[in-house]
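There are 2 protein chains.
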Amino acid sequence: MQKIIECVPNFSEGRNLKVIRAIFAAAKKVKTVRVFELEYNRDHNRCLFTIVGVPLDVLASVFEAIKTATKLIDMNKHQGEHPRIGATDVVPFVPVFGVSMKECVELAEKLGKKVGEELSIPVFLYEEAATKQENRNLADVRKGEYEGLKVRMNKPDFGPSKTHPTAGAVVVGARKFLIAFNINLDTPDVEIAKKIASAIRERDGGLPGVKALGFKVDGLAQVSINLADFEKTNFDEAFREVEKLADKMNVKIKSSEIYGMIPLAALVKSVKTTFKADTFKAGQILEGRLSDD
Amino acid sequence: MQKIIECVPNFSEGRNLKVIRAIFAAAKKVKTVRVFELEYNRDHNRCLFTIVGVPLDVLASVFEAIKTATKLIDMNKHQGEHPRIGATDVVPFVPVFGVSMKECVELAEKLGKKVGEELSIPVFLYEEAATKQENRNLADVRKGEYEGLKVRMNKPDFGPSKTHPTAGAVVVGARKFLIAFNINLDTPDVEIAKKIASAIRERDGGLPGVKALGFKVDGLAQVSINLADFEKTNFDEAFREVEKLADKMNVKIKSSEIYGMIPLAALVKSVKTTFKADTFKAGQILEGRLSDD
Numbered sequence: 001m002q003k004i005i006e007c008v009p010n011f012s013e014g015r016n017l018k019v020i021r022a023i024f025a026a027a028k029k030v031k032t033v034r035v036f037e038l039e040y041n042r043d044h045n046r047c048l049f050t051i052v053g054v055p056l057d058v059l060a061s062v063f064e065a066i067k068t069a070t071k072l073i074d075m076n077k078h079q080g081e082h083p084r085i086g087a088t089d090v091v092p093f094v095p096v097f098g099v100s101m102k103e104c105v106e107l108a109e110k111l112g113k114k115v116g117e118e119l120s121i122p123v124f125l126y127e128e129a130a131t132k133q134e135n136r137n138l139a140d141v142r143k144g145e146y147e148g149l150k151v152r153m154n155k156p157d158f159g160p161s162k163t164h165p166t167a168g169a170v171v172v173g174a175r176k177f178l179i180a181f182n183i184n185l186d187t188p189d190v191e192i193a194k195k196i197a198s199a200i201r202e203r204d205g206g207l208p209g210v211k212a213l214g215f216k217v218d219g220l221a222q223v224s225i226n227l228a229d230f231e232k233t234n235f236d237e238a239f240r241e242v243e244k245l246a247d248k249m250n251v252k253i254k255s256s257e258i259y260g261m262i263p264l265a266a267l268v269k270s271v272k273t274t275f276k277a278d279t280f281k282a283g284q285i286l287e288g289r290l291s292d293d
Numbered sequence: 001m002q003k004i005i006e007c008v009p010n011f012s013e014g015r016n017l018k019v020i021r022a023i024f025a026a027a028k029k030v031k032t033v034r035v036f037e038l039e040y041n042r043d044h045n046r047c048l049f050t051i052v053g054v055p056l057d058v059l060a061s062v063f064e065a066i067k068t069a070t071k072l073i074d075m076n077k078h079q080g081e082h083p084r085i086g087a088t089d090v091v092p093f094v095p096v097f098g099v100s101m102k103e104c105v106e107l108a109e110k111l112g113k114k115v116g117e118e119l120s121i122p123v124f125l126y127e128e129a130a131t132k133q134e135n136r137n138l139a140d141v142r143k144g145e146y147e148g149l150k151v152r153m154n155k156p157d158f159g160p161s162k163t164h165p166t167a168g169a170v171v172v173g174a175r176k177f178l179i180a181f182n183i184n185l186d187t188p189d190v191e192i193a194k195k196i197a198s199a200i201r202e203r204d205g206g207l208p209g210v211k212a213l214g215f216k217v218d219g220l221a222q223v224s225i226n227l228a229d230f231e232k233t234n235f236d237e238a239f240r241e242v243e244k245l246a247d248k249m250n251v252k253i254k255s256s257e258i259y260g261m262i263p264l265a266a267l268v269k270s271v272k273t274t275f276k277a278d279t280f281k282a283g284q285i286l287e288g289r290l291s292d293d
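Protein chains in written order, with the numbering used here: chain A, 1 to 293; chain B, 1 to 293.
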């Protein structure tokens with residue numbers, strides 16, 4: 001089977017549907033990839049989508065989208081709740097099938113070089129692709145945001161050493177597959193969600209690979225979780241930990257939601273862990289046996 | 001996507017590898033189906049395998065296997081622990097994708113007619129395909145086994161009204177997908193497994209669609225479960241029920257095992273149920289998005 005990667009570019013436009021659709025359509029110009037899961041948010045004034053396919057085709061597709069975003073978005077007029085430093089804000093490559101992290105890092109470098117040279121936008125490499133420790137964490141690269149870029153501009157990995165007049169800068173990198181998992185508590189008390197989020201997030205000494213925030217959504221407290229490495233902490237493990245912590249505060253879990261895509265391997269791992277089915281493997285799934293040999 | 005069914009024929013030979021392989025090879029003569037998961041057992045003196053493909057191709061494949069089994073197995077010489085009435089003992093058709101139970105019943109009738117007419121073996125239709133209430137349950141059809149067939153022969157659905165001189169009779173039918181799920185308890189006390197099995201099996205007032213027995217396997221008590229309808233009782237629900245019952249007897253679950261194949265829909269349902277992720281659907285599984293539209 002061929003190599004498959006995923007790319008989830010984020011752009012600083014979440015209000016003007018014409019612009020959002022133009023960027024999405026640009027990615028679709030490359031016919032050999034699948035472009036889907038377009039999401040946009042007015043408050044964040046930001047959109048993102050997923051590109052899946054063989055590595056070089058995904059690179060070509062996301063480059064088309066970046067070119068269009070560079071033409072249509074003016075960061076000098078951009079306002080939104082979400083931190084951002086550029087029209088194309090962040091572009092992560094993610095190994096999905098038969099591809100190593102190293103190959104995704106090389107792809108990030110290739111895209112970075114192309115964006116720097118052809119579009120004259122400074123590019124910072126982050127996470128697995130980072131060349132400097134201080135650029136590893138996306139939040140650190142974005143500190144000061146677009147407005148702060150001009151004054152704190154350190155040497156980017158590719159492109160000019162000054163921000164692009166309308167597109168700012170771009171953060172490109174490689175990371176593991178990220179599972180978005182929300183847990184809704186049976187209480188309107190957002191403080192409880194915030195306490196639980198703080199207890200489980202890695203940064204505060206919680207579970208490895210876990211990022212978490214507490215929100216109020218549709219009148220209920222929600223623990224919104226990003227699992228950056230499901231091999232370390234999977235959704236089922238996060239669920240049980242939240243359940244345990246909520247239980248101590250006499251709160252029940254009302255529902256949960258896997259947001260967006262999830263790799264089959266994470267489902268298989270959850271069955272192995274939660275039901276102690278150590279020998280279970282993806283090859284036992286009937287539908288899979290219809291296509292592979 | 002095309003219609004897909006599964007067929008799991010059982011034959012009365014579990015010792016002579018030459019015969020087992022000949023039957024398996026006969027099924028493989030039809031190149032458009034997948035034939036796999038060959039299992040055989042000396043004590044039961046019985047083998048079975050799985051055929052997956054489009055309905056009429058699966059029918060052609062299993063008919064080849066039945067023809068070969070009829071030639072090579074002499075029931076007058078057969079001994080084994082497992083109940084059986086024929087060389088080809090039982091042939092269930094199972095809907096997998098885009099196929100209704102009704103279509104599988106019609107397929108069972110088609111195969112039954114063909115086996116009766118072309119091989120001169122009496123055929124009884126069972127379970128969803130049964131034409132008589134007393135033939136619905138496989139255990140009832142097999143009562144008295146091969147040896148008792150001659151004396152209690154009632155009118156079969158197809159074929160002659162007397163048993164085939166060497167092949168006996170065949171039971172053909174249609175049923176839902178069956179998940180085999182074993183739960184190993186952290187105790188050597190088989191009586192505990194038997195108590196739990198009795199408490200969860202439908203026949204004794206337990207969970208719908210659940211068949212269960214208690215065994216001792218590798219020195220540990222095992223609850224061996226067949227889930228005849230995972231939409232009613234899925235493996236995760238059976239796991240939690242066994243866990244609860246074991247807990248009352250101060251016994252822990254050591255491990256579990258999904259034996260053989262499982263439909264993706266059962267995995268998806270387990271995530272929905274166990275983690276209250278009501279909105280989760282198979283379309284969110286990344287690998288699936290690579291192939292369908």
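Because the hints were derived from the structure by calculation, they are not lab data. Ideal placement from N, C-alpha and C gives every residue a C-beta, glycine not left out. Watch out, some of these pointers could steer you wrong.
Computed footprint of chain B on chain A; a stretch qualifies when at least three of its residues, placed anywhere within it, have a C-beta under 8 Å from a C-beta of chain B [said to hold, decoys possible]:
#1 97-104
#2 128-142
#3 222-233
Computed spacing ranges between beta-carbons, pair by pair [said to hold, decoys possible]:
#4 B/Asp-247 <-> A/Pro-188: 28 to 38 Å
#5 B/Asp-57 <-> A/Glu-103: 36 to 46 Å
#6 B/Asn-226 <-> A/Ala-22: 27 to 37 Å
#7 A/Ala-282 <-> B/Asp-74: 15 to 25 Å
#8 B/Arg-240 <-> A/Gly-219: 46 to 56 Å
Computed list of lysine to any residue pairs in SDA-like fashion (alpha-carbon distance at most 20 Å, straight line) [to be verified]:
#9 A/Lys-276 <-> B/Ile-253
#10 A/Lys-272 <-> A/Lys-252
#11 B/Lys-77 <-> B/Ala-180
#12 A/Lys-244 <-> B/Arg-240
#13 A/Lys-281 <-> B/Gly-214
#14 B/Lys-272 <-> A/Asn-226
#15 A/Lys-269 <-> B/Lys-254
#16 B/Lys-272 <-> A/Glu-237
#17 B/Lys-276 <-> A/Lys-281
#18 A/Lys-114 <-> A/Lys-162
#19 A/Lys-276 <-> B/Lys-162
#20 A/Lys-113 <-> A/Lys-216
#21 B/Lys-276 <-> A/Asn-184
#22 A/Lys-194 <-> A/Lys-176
#23 A/Lys-113 <-> B/Pro-263
#24 A/Lys-252 <-> B/Lys-272
#25 A/Lys-216 <-> A/Lys-176
#26 A/Lys-276 <-> B/Lys-77
Here is what the structure says about each hint:
By the rule of at least three residues with a Cβ nearer than 8 Å to a Cβ of chain B, the coverage given for the segment 97-104 of chain A is violated, with 1 such residues. With 0 residues bearing a CB less than 8 Å from a CB of chain B, the segment 128-142 of chain A misses the requirement of three and the coverage assertion fails. Requiring three or more residues with a Cβ within less than 8 Å of a Cβ of chain B, the coverage given for the segment 222-233 of chain A is violated, as only 0 such residues are present. Between B/Asp-247 and A/Pro-188 the beta carbons are some 33 Å apart, a value that agrees with the proposed interval 28 to 38 Å.
In this structure the hint that B/Asp-57 and A/Glu-103 lie 36 to 46 Å apart at CB holds, the actual value being about 40 Å. Distance hint check for B/Asn-226 and A/Ala-22: the Cβ-Cβ separation is about 55 Å, which falls outside the suggested range of 27 to 37 Å. Checking the proposed 15 to 25 Å range against A/Ala-282 and B/Asp-74 shows it is violated: the Cβ atoms sit about 41 Å from each other. With their beta carbons about 30 Å apart, B/Arg-240 and A/Gly-219 fall outside the hinted range of 46 to 56 Å.
At roughly 8 Å between alpha-carbon atoms, A/Lys-276 and B/Ile-253 fall within 20 Å of each other, so this suggested pair holds. In summary, the hint linking A/Lys-272 to A/Lys-252 is not supported, as the alpha carbons are separated by about 25 Å, beyond the 20 Å threshold. At most 20 Å may separate the alpha-carbon atoms for a hinted pair to count; B/Lys-77 and B/Ala-180 exceed this at roughly 30 Å. Among the hinted pairs, A/Lys-244 with B/Arg-240 is consistent with the structure: their alpha-carbon atoms are about 17 Å apart, no more than 20 Å.
At most 20 Å may separate the alpha-carbon atoms for a hinted pair to count; A/Lys-281 and B/Gly-214 exceed this at roughly 25 Å. Among the hinted pairs, B/Lys-272 with A/Asn-226 is consistent with the structure: their alpha-carbon atoms are about 19 Å apart, no more than 20 Å. A C-alpha spacing of about 17 Å is found between A/Lys-269 and B/Lys-254, which places the hinted pair at or below 20 Å, so the restraint holds. The hinted pair formed by B/Lys-272 and A/Glu-237 meets the criterion: a straight-line CA distance of about 15 Å does not exceed 20 Å.
Of the pairs offered as hints, the one joining B/Lys-276 and A/Lys-281 is violated, with about 23 Å between alpha carbons and a cut-off of 20 Å exceeded. The suggested pairing of A/Lys-114 with A/Lys-162 holds, with an alpha-carbon distance near 17 Å, which does not exceed 20 Å. Restraint check: the Cα-Cα separation between A/Lys-276 and B/Lys-162 comes to about 50 Å, which exceeds 20 Å; the hinted pair is violated. Between A/Lys-113 and A/Lys-216, the direct Cα distance comes to roughly 41 Å. Violation of the 20 Å bound is thereby established for this hinted pair.
Proposed proximity of B/Lys-276 and A/Asn-184 is supported: the alpha carbons are some 10 Å apart, at most 20 Å. Between A/Lys-194 and A/Lys-176, the direct Cα distance comes to roughly 25 Å. Violation of the 20 Å bound is thereby established for this hinted pair. This hinted pair does not check out: A/Lys-113 and B/Pro-263 have alpha carbons roughly 45 Å apart, beyond 20 Å. Our distance criterion of 20 Å between C-alpha atoms is met by A/Lys-252 and B/Lys-272, whose separation comes to about 17 Å.
Simply put, A/Lys-216 and A/Lys-176 have alpha-carbon atoms about 28 Å apart, too far for the 20 Å limit, and the pair is violated. Restraint check for A/Lys-276 and B/Lys-77: the C-alpha separation of about 43 Å exceeds 20 Å, so the hint is violated.
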